[in-house]
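Colleague: Chains A and B are the protein sequences, given in the same order. Going by the numbering used here, the first sequence opens with residue 1, and the numbers climb by one from there. Going by the numbering used here, the second sequence opens with residue 1, and the numbers climb by one from there.
Calculated from the structure, these hints are not laboratory results. Treat each hint with caution, since some may be false.
Think about it this way: if two alpha-carbon atoms lie no more than 25 Å apart in a straight line, the pair counts; the simulated SDA-like pairs of lysine to any residue are [what the hints assert, rightly or not]:
1) B:Lys28 to B:Val111
2) A:Lys105 to B:Leu259
3) A:Lys117 to B:Val345
4) B:Lys126 to B:Phe71
5) A:Lys185 to B:Gly338
6) B:Lys124 to A:Val92
7) B:Lys67 to B:Ser103
Per the computed footprint, the stretches of chain A lying under chain B, defined by three or more beta-carbons under 8 Å from a beta-carbon of chain B, are [claimed, not checked]:
8) 85-96
9) 117-126
10) 253-264
Predicted model, so just to flag it, every value in this text is computed and none were measured. All residues carry an ideal CB built from backbone N, CA and C; glycine is no exception.
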Amino acid sequence: MPRMPPLVWIVLLAALLSAPALRAEETARQILDRAKQVDDTTRKWSDRSQTLTLTIHGKSGGARERSLQIFDKRGSDGEDKTVTFFLAPPEVKGTAFLQWSHPGKDNEQWLYLPELKRTRRITSQLRDQSFMGTDFSYRDLEILAEIRGWTEAQAASALVGSEDVDGHACWTIALTPAERDGYGKIVLSLDKELLVLRKLIFHDAGGVMVKTLLQSDVKNVGAIPTAYRMDMQTPAKESRTEVVITEVKYDTGLADDFFTERQLQRGPR
Amino acid sequence: MRRVALLLAAILTPSAARALEYATPMGKWTIGGYGELYSVFRTNHNTQAQRPAGITGLSITGDLHPKVRVFLSGQFMAGGWPEDAKGFDLYNISDTFQNISPSTEVEEGYVDLFLGPVDLRLGKQKFAWGKLDTFQPTDVLNTRWYNDPFLTDEQDAKIGVPAARAAWYVPALGEHLPQDVSATLVWIPVPVSTRFPVQSERWFPPAIEVAQTIDLPPPKKVDLLETNPIRVANTVEEENIKPVHALDQGAVGLRLGGLWGPVDWALSYYNGIETDPVLAFSPTLVYPAARRAKRRGDPLPVVPPPNTVLDLAARSSLTPRFERIQLFGADGSYELAGFTMRAEVAYGKDRLLPRSVQELVSASNIYSSIGGQKKQEDAALALGFGKRVPVDLGDLFATSDTVEWGVGVDYMVGGWMPLLQVNQTIVLDDVPTLLIDDVDTQLLLALRRAFFEERLGTELAVIQSVSRGYTVGIARAAYDVTDHLRVRVGYLLLAGSRNSLYGQFHSNDEAFLRIRYSF
Chain A
1 MPRMPPLVWI VLLAALLSAP ALRAEETARQ ILDRAKQVDD TTRKWSDRSQ
51 TLTLTIHGKS GGARERSLQI FDKRGSDGED KTVTFFLAPP EVKGTAFLQW
101 SHPGKDNEQW LYLPELKRTR RITSQLRDQS FMGTDFSYRD LEILAEIRGW
151 TEAQAASALV GSEDVDGHAC WTIALTPAER DGYGKIVLSL DKELLVLRKL
201 IFHDAGGVMV KTLLQSDVKN VGAIPTAYRM DMQTPAKESR TEVVITEVKY
251 DTGLADDFFT ERQLQRGPR
Chain B
1 MRRVALLLAA ILTPSAARAL EYATPMGKWT IGGYGELYSV FRTNHNTQAQ
51 RPAGITGLSI TGDLHPKVRV FLSGQFMAGG WPEDAKGFDL YNISDTFQNI
101 SPSTEVEEGY VDLFLGPVDL RLGKQKFAWG KLDTFQPTDV LNTRWYNDPF
151 LTDEQDAKIG VPAARAAWYV PALGEHLPQD VSATLVWIPV PVSTRFPVQS
201 ERWFPPAIEV AQTIDLPPPK KVDLLETNPI RVANTVEEEN IKPVHALDQG
251 AVGLRLGGLW GPVDWALSYY NGIETDPVLA FSPTLVYPAA RRAKRRGDPL
301 PVVPPPNTVL DLAARSSLTP RFERIQLFGA DGSYELAGFT MRAEVAYGKD
351 RLLPRSVQEL VSASNIYSSI GGQKKQEDAA LALGFGKRVP VDLGDLFATS
401 DTVEWGVGVD YMVGGWMPLL QVNQTIVLDD VPTLLIDDVD TQLLLALRRA
451 FFEERLGTEL AVIQSVSRGY TVGIARAAYD VTDHLRVRVG YLLLAGSRNS
501 LYGQFHSNDE AFLRIRYSF
């Protein structure tokens with residue numbers, strides 16, 4: 001048997017060490033930091049455009065559909081901006097929502113209502129209200145945008161174990177947000193291979209599970225794994241909201257002036 | 001029956017209809033619209049009825065090019081408030097009284113040009129200035145129609161004006177300077193009339209109604225009639241006067257706005273016609289007995305026997321007035337600890353403020369308007385000779401500078417959105433008695449909440465006048481049966497002094513129902 005050269009041994013060893021199975025002793029923080037590092041390097045994006053359909057299945061009646069376009073831009077120092085345009089149904093068509101997120105400060109939010117032809121600054125107290133009747137609250141949308149960037153100071157993390165979500169091996173990590181007015185605990189399932197979120201379970205301050213979010217149909221858009229389907233369930237309300245993303249684009253060069261009141265009135269052009 | 005069932009099934013299917021979209025060589029075209037049944041149910045059968053209405057609306061948007069968009073919206077209505085209408089017609093922008101049914105209207109029709117930092121909009125359009133809820137002192141660019149004033153949505157009540165609007169979005173000014181700054185210039189080349197109900201409609205203001213007969217004591221200064229009490233039989237006719245369509249009669253508006261820290265702010269200026277309704281009331285007196293004698297060739301003047309009632313007739317016209325005003329305004333909004341605060345102030349120059357016709361037709365005003373003894377005797381003589389005698393009873397709308405301001409705050413608590421707003425109008429000049437007080441304060445309290453995944457929206461709103469004591473209450477609910485079918489029901493309550501802006505309608509309480517199918 002021919003002897004392998006030392007370099008090959010080193011490469012093999014490095015490959016083995018990088019395999020998920022051998023990372024069992026990693027702490028939750030180390031796993032999250034590693035995911036964040038990937039997000040900040042090979043998967044980094046500065047703006048994103050999505051077209052999606054929300055289907056709300058409520059206890060009170062048949063399914064209702066909302067079509068919308070969401071544009072995000074990540075700024076320096078976590079100053080993110082998001083604008084959402086409602087495309088359907090007709091009663092909400094033309095409604096647009098603008099949010100500027102400031103780390104450590106309340107977000108600024110504006111709503112454009114076409115029936116009033118006015119853009120109105122709205123209260124950040126809306127955070128716990130439903131986003132257009134869906135199972136997502138404004139706070140949920142904020143969390144989904146920010147959770148992967150949370151530091152240990154923002155949310156203490158603990159590795160709970162491993163589980164299988166839709167056939168994908170995942171770490172189960174519990175986050176306890178420092179912010180006291182929101183969820184008491186968020187348990188997330190992070191894909192061991194792709195380092196993408198597969199599931200989030202939201203618990204209230206008393207530890208009661210209030211919502212579950214499943215993310216599936218993960219496909220790569222360039223180097224960025226993107227979940228094309230989401231399913232948010234609120235068991236207490238017997239409702240759920242399905243999200244199907246029909247189009248995603250990253251880094252199309254959205255300018256800062258796209259995220260202004262002017263654009264809310266012009267619509268998604 | 002089967003057809004009806006199929007139709008219902010089609011309507012109730014969530015995705016039964018969507019806005020129609022067409023990609024053509026001439027860009028993307030989107031067509032949307034609605035059909036609505038609207039009915040009011042009066043609670044007092046002594047008030048004027050309003051027939052059920054069928055309304056359809058259509059809007060077309062054409063994105064011809066990334067820098068060019070065209071938009072057209074119109075409405076067709078059959079039934080509703082018109083009584084004894086003259087038939088089908090298109091609403092025009094010049095006439096104040098338009099008693100037509102079925103009717104159609106081009107609400108807006110314009111071209112948008114997006115030219116880098118400048119947006120141009122040319123055509124018939126509606127504006128929305130100001131930040132307060134319901135009552136915005138700076139929102140004066142559009143005239144409105146008043147045929148159904150309490151239940152018509154704010155923008156629907158506006159009449160599109162032909163205008164050119166240029167908005168310049170100023171590049172970033174620097175870290176500590178205002179952000180998102182824009183300067184908007186509006187030119188409205190010709191005046192547009194308000195649209196006012198005619199006397200047969202449910203919402204013709206009682207403050208402008210004249211009693212069928214008015215009894216006056218004998219005039220003290222006129223020997224000819226010193227023992228004759230007078231009874232005047234009245235008829236009032238609406239008469240359209242078109243505004244002068246000349247460029248020097250147009251209007252300009254300027255608005256500079258932006259963000260400064262956490263504050264949204266704007267400064268505005270308007271110079272043009274008064275866009276609140278302004279009417280003139282012009283009576284002419286005749287002595288029918290003298291007119292008859294004149295026609296027969298009997299001796300003149302006709303002098304009524306002493307101690308008998310002198311029966312006169314007054315024919316009055318109600319005509320629109322077009323007067324220029326100026327308005328300097330500012331508005332802002334700010335969020336603090338979950339409270340969203342909004343404020344608005346406007347200094348108005350030469351604003352036109354409503355009076356009651358009852359003030360004009362009082363005996364003291366009639367006699368003092370005719371003038372001293374000589375003038376009264378001349379008038380009596382002219383009437384005796386069968387002539388028409390115009391009587392200038394003064395202006396139905398008084399001119400004064402005003403300050404209008406308002407402050408509102410809303411807060412989200414447990415899913416409820418309460419809103420409290422104070423509006424005040426301060427009349428700065430010495431004017432005759434008005435339908436508002438010299439310092440007129442009103443409160444708006446609204447409570448809104450959505451239920452069932454926002455399928456059901458509810459609102460309770462109360463407008464309370466502090467000084468005149470009127471109350472307007474609206475309770476309404478909107479239920480989305482499907483994404484395309486919305487049912488709205490509610491109740492309108494009106495109470496308070498007849499001698500006030502809204503209290504004058506105080507018998508016109510009603511329930512209402514709207515069923516709208518949109519695509």
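Colleague: None of the hints should be skipped; say for each whether it holds.
Modeller: Going down the list of hints, with the structure as the test:
1. B:Lys28 to B:Val111: Holds, at about 15 Å.
2. A:Lys105 to B:Leu259: Holds, because 17 Å separates the two Cα atoms, which is no more than 25 Å.
3. A:Lys117 to B:Val345: holds (20 Å)
4. B:Lys126 to B:Phe71: holds (12 Å)
5. A:Lys185 to B:Gly338: Distance ~24 Å between A:Lys185 and B:Gly338 Cα, so the pair holds.
6. B:Lys124 to A:Val92: Measuring from Cα to Cα gives roughly 24 Å; hence the hint holds.
7. B:Lys67 to B:Ser103: Violated. B:Lys67 to B:Ser103 sits at ~34 Å, over the 25 Å cutoff.
8. 85-96: Holds: 5 residues of the stretch 85-96 of chain A have a Cβ under 8 Å from chain B.
9. 117-126: Held - the stretch 117-126 of chain A has 9 residues with a Cβ nearer than 8 Å to chain B, which meets the minimum of three.
10. 253-264: holds (count 5)
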